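One-letter residues, chain by chain:
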Amino acid sequence: MAKIRKATSVGDWLDQRLATETIKKVMATEYWIPKNINFLWAMGMVLAVLFLLLVISGIFLLMYYKPDTALAFDSVNYTIMAEVGYGWLWRHIHAVGSSVAFLIIYIHMFTAIYYGSYKNGREMIWISGMVLFILFSTAAFSGYMLPWGQMSYWAGMVITNLFSAGSLELHGVVEWIRGDYVPGDAFLTRFFMIHVLLIPLVIMGAIGLHFGALRIPHVNNQDGEEIDFDTESAKYLAGDTKGSKVMRFQFDFLSKDIFVLGVFLVFFFYLVFYNFTFALDPVNLDPANGLKTPPHIYPEWYFLWSYEILRPFSKDAGLIAFGFAQVILVFLPFLDRSPNVAPANRRGLFAIWFWVLLIDMITLTIMGKLPPEGIFNVIGAAATWTFLGLWVVLPIITMLEKKK
Amino acid sequence: MNKINKEIQILLVVIFFSLLVYGGVETYAHKVMHKHVDSKNYEYTDLPAITKTGDPVAGAALVTGAAACTGCHGIKSQDMPAPMDAATAVASYGVTPPDLSTAGILYESNFLAALIKDPVATLKLEHKFDDTKMHPMTAFSGAGGDLDQEVADIVAYFKSIAPQEITPKQAYEDACSRCHEMRYMKATQLGDTPTFKFEKDALAYRVKVLEYQDTLKGYMGKLPPDLSTIIVARSNSFLTTFIEDPQSHLKGTSMPRVGLTADATDKVMTHLTHSGDPAKEIRNSLGWKVILFFIIFSVLAYLWKQSVWSKLH
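So the sequences go chain by chain: Z and D.
Numbering (my numbering) for the first sequence: 5 to 408.
Numbering (my numbering) for the second sequence: 3 to 315.
Okay, chain D solo, but in the shape it has when bound (with noise of 0.2 angstroms):
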């Protein structure tokens, strides 16, 4: 019994120094080299709140009409293609204008309402857009009645006509994709890249997002990241708390604040881990039947020994 005790007593030392350095080189310095940021649960709350209570009907009169929202932006779900395609439309403004059919499902209501009164403040693009620069989505300033009455009517317009559920993919494309490409699910900036018989095909269209990425680039200062392996190469606290708020991580990003919602980052997270880490769930499941395995191992080598052994003392 003895001889036992004074083995467990070394391996509790040996224990110790491993957990000493583990401690050392990962949970601590992890916490010294990454600025930990806490989330704010993406209520947006720096932004007012809406305090009217808005009609659908008038909204969809105002999105169509005098606030002119589809001079610019699709809404594919209600049958309005997009005025312009992807290549004119990059040309024009720098990055494509998002299809709204989603928007009342992806974005924070608060979010929407500020974004349309004034999308460089609520974006918290500030640094990269004033007076002499501006941003390609003019504010909305009114169709002559009450303002905070009109836009909470577009809001409720927007949420009247999202769909109840959203697909991972289609939360990260539609939230994501038109600054980030995605090799991994063989995506780009165009969205999904189709297959082609000839290579000429294939090559004319690398060509087409080649060209599409140059304008980004200009418009972005770079080209922003292709997200295929963010998912494993960031923390889930860092991307989360980014996404929530790219500032907060890296001062004068020109990655706008998005404006998600808790649930559709969760949704983008999905599809982020789907392209970056596609055996997380295989491997959860495999792994503890593996452990359990050596578990037994080690119960009957144990057993072994003793017999084993019983002869030597």
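Just chain Z, same shape as in the assembly (with noise of 0.2 angstroms):
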């Protein structure tokens, strides 16, 4: 056992039994940063207060809330949105938060695409990054089934029906996962789980994950220039701060994140409050109906563009190339064959992949939420098979990239 001495402060009392100083300084102020970035290094900040703001706004939420098919559509709409005081401010900052979250999950992603920050040891940073992507989708979707609202019906219809995976017709599967032939009571009860309990617990460990997948190679910065962490932060131990290439998380780096921060939560808070229906859909303000189906069904704007894909094949190719629209992103790694870690605009064909992708994406988030017909068709399948293609070109270009 170690000696434990008599403490000086309640810091010192602390630190001989739970070594706070250490985890400080491994955590906080020698946790090195480089200082070659840019505001898009604070999104991850913005992203860990936006899950902050989830939690604590669905804590509330979940005092009121009443998972029943017969009860949950007035507890949010009459109780929370009426009764309860300020019970409207927590809803909305739950559903804007959720939605402004995949915002920038998105943002932090094409970053990360840009800027090459997925490979040479980052790997584990950007899977488990989606990972976290899919986590959050699970818990939206299943968050969405909640307020019991004709869109939460019919979206739960229509999402569990994929897993009948089309002409296998395994509808055994898709009553499993209802717990009934349509979704009912049951449905509702076991998505109420998965999104306050399950689904919160795995992304609280993958959060955890994905921070510690940073130790190693360390973050990223604009120019993908290879930093010699040990050197230059021994630099900036001895007082050169100023040539240093690198900072301290806390609180060099962490000022700045709070600046991006409160920029951030004026937007956040001008939606809470005067934009919000991009997040609460009226759709979803009429009761559940499973005999009156609403003349569009369309997911919430972030899974336009894999739902898009779905919808230019036949029922199987479709299923397919959703499928891989689900999981190629994961492979992204791998698929890149260049070594160079650089801004996409220094790496010749990849800075043209690189908004092919971007546009295309949006392309397709626009035109799954437009009905298909006439010319939406068109360019929906269009944008398809072009987001198919740049999978299949991209180990091309990438191995025809020159080695800086």
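If you're looking for bench data, these hints aren't it; they were derived computationally from the structure.
Bear in mind the structure is a predicted one, so any value in this text is a computation, not a measurement.
Treat each hint with caution, since some may be false.
Partial chain D-side listing against chain Z, Cβ under 8 angstroms, derived [what the hints assert, rightly or not]:
| id | residue |
| --- | --- |
| 1 | Glu-9 |
| 2 | Leu-21 |
| 3 | Val-23 |
| 4 | Gly-26 |
| 5 | Ala-31 |
| 6 | Val-34 |
| 7 | Ala-235 |
| 8 | Ser-237 |
| 9 | Leu-241 |
| 10 | Ala-281 |
| 11 | Phe-296 |
| 12 | Phe-299 |
Idealized CB from N, CA, C, for every residue including glycine.
The task is to assemble the complex, starting from two chains supplied on their own in separate frames and drawing on the hints.
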């Protein structure tokens, strides 16, 4: 056992028992971040804060929500929105928070793709990030079921139907997932459990993994420069803070993060108070009705691009393309065959690939919302084939890329 | 300075693509998916205008006499109760005939006049009622004198007895509540639900409501929707133009054109807001304070960042 001395302060007392000083150094004051970064490097912190906001607002909503098909709709739209003091505020924070979390996730993802922050030792950061993306998607979908409005019901119907796997007609699987022939009470209660317990637990673990994955390869920088963190941090600690290429996480990096976070929260609360309908679809404010199909069924905006990939094909081909789209991004580090870590604009053909991917996914997103008719079908099909084709050409163009 | 310029350029790129997505999936998609209908300012210009000057005294005599309005309608403000209770009325007509105390302020005058002469066409329900299936309100074909003069008199009478002001709740009750339930305001087609001391009385009342709704379902084809959340479930422009002319959005719907004035429509919308979006006022008054807080927060954070980073560069 370690020798315990008389403590000189509360901090010292804790340090002798919990090694708090070491933890602080490892996690914060001597966690080194490159200086050569821009505000896009703060998106991780923004997402962490959004997750916190979702957890806190979720806890408050959980106190009044009733997972029962007879009570759910009114517990949200009447109890929380009308009776509970500021219940509406928690609901808006929760709804807008989940929608905006996806916006930031996409910005975070495209930042990583642009700067090549997914390879040369950073593969696990990317993969754990994609695991988080899938977990957030599950959380968003299961959460969308809970208000038990028209879109909850019909989206639940359509998405669980996908598990019949097209011509395999695995209706037993669909019934097993729903616990019923159609979405009903069993369905709502299990999605409630998934949303408030199972997924949040797994997300917290995955966030730990994601942060942990950063430790060894360190954060990338704007030029993809390989930095000797040992030398640079020694330089910083020796007093040459201006000459060092790195800075402390606390408070050098954090001070900028918190500024970016402040600006983000101005935008966030503008949405919460004055522009929230994009996150609270009016269709879902009609109670669920199994006898009345809404004229347009579409997912929330962040699922639209993959939903659109399902549409141009026949049943089976559509499912295969959809499945491909769900998993292909995970394999990005292995499909990019170039060893270069650099911003896309310095990587020749990859620059074109990047911007085509971005514009293509936005096109798919917009087409996914529009009704599948006329010219929208043509554009949607073209964008889908472009998406699939991009992944075929990626290994080829990156193999041709000159090593720097 | 160059560094800041670069950050701003990156921010502009992020904003551009975010707005592109927003514009596509919200603004543009909504335009494609939702039919746009222009309001005609609640003037009902498709109906003939009243050309005669009405005399309320002559109108009063017609309403209780030759035109026989009070045979079916009550006028509570003039101490004329409805001739039947709600259950009997709904069984006889399919829906309770409205009380006419507020007709003069709720409904546009041309609309009222046209309604008296030809209810089915004025309500735009020709697809539902014809010679073989009669609308419960019969057309007034005159009391022997000049029909246009008599109708103008009746309208003048209703305007003379109407209150000067009407509350949102009353506008909603008189214009909508005979067909639509509003459970968040504890109101049904029978009016505000009373509180009962004993459960059996509450259940007995609920049975009465359900029986009324069953009959109404037979008359309308389906039970008209509960309006508790309609203000947030539909856009403002949909609701106001739908109230003005239901057929413009839902061709073939059994909902009659109601003939509300612009002001009465406003009142109804206010009541719908009280039910479906009760936090609207506090939301709008709190929002800018929270935003201002984070603006100040950001300014202070920026100054702090500058002081921390001054030793880094």
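Each hint tested on the structure:
no.: 1; hint: Glu-9; in the structure: holds, 5 angstroms
no.: 2; hint: Leu-21; in the structure: violated, 11 angstroms
no.: 3; hint: Val-23; in the structure: holds, 6 angstroms
no.: 4; hint: Gly-26; in the structure: holds, 3 angstroms
no.: 5; hint: Ala-31; in the structure: holds, 4 angstroms
no.: 6; hint: Val-34; in the structure: holds, 6 angstroms
no.: 7; hint: Ala-235; in the structure: holds, 4 angstroms
no.: 8; hint: Ser-237; in the structure: holds, 7 angstroms
no.: 9; hint: Leu-241; in the structure: violated, 11 angstroms
no.: 10; hint: Ala-281; in the structure: holds, 4 angstroms
no.: 11; hint: Phe-296; in the structure: holds, 4 angstroms
no.: 12; hint: Phe-299; in the structure: holds, 5 angstroms
Going down the numbered hints, you'll see the structure goes against 2 and 9, while the others check out.
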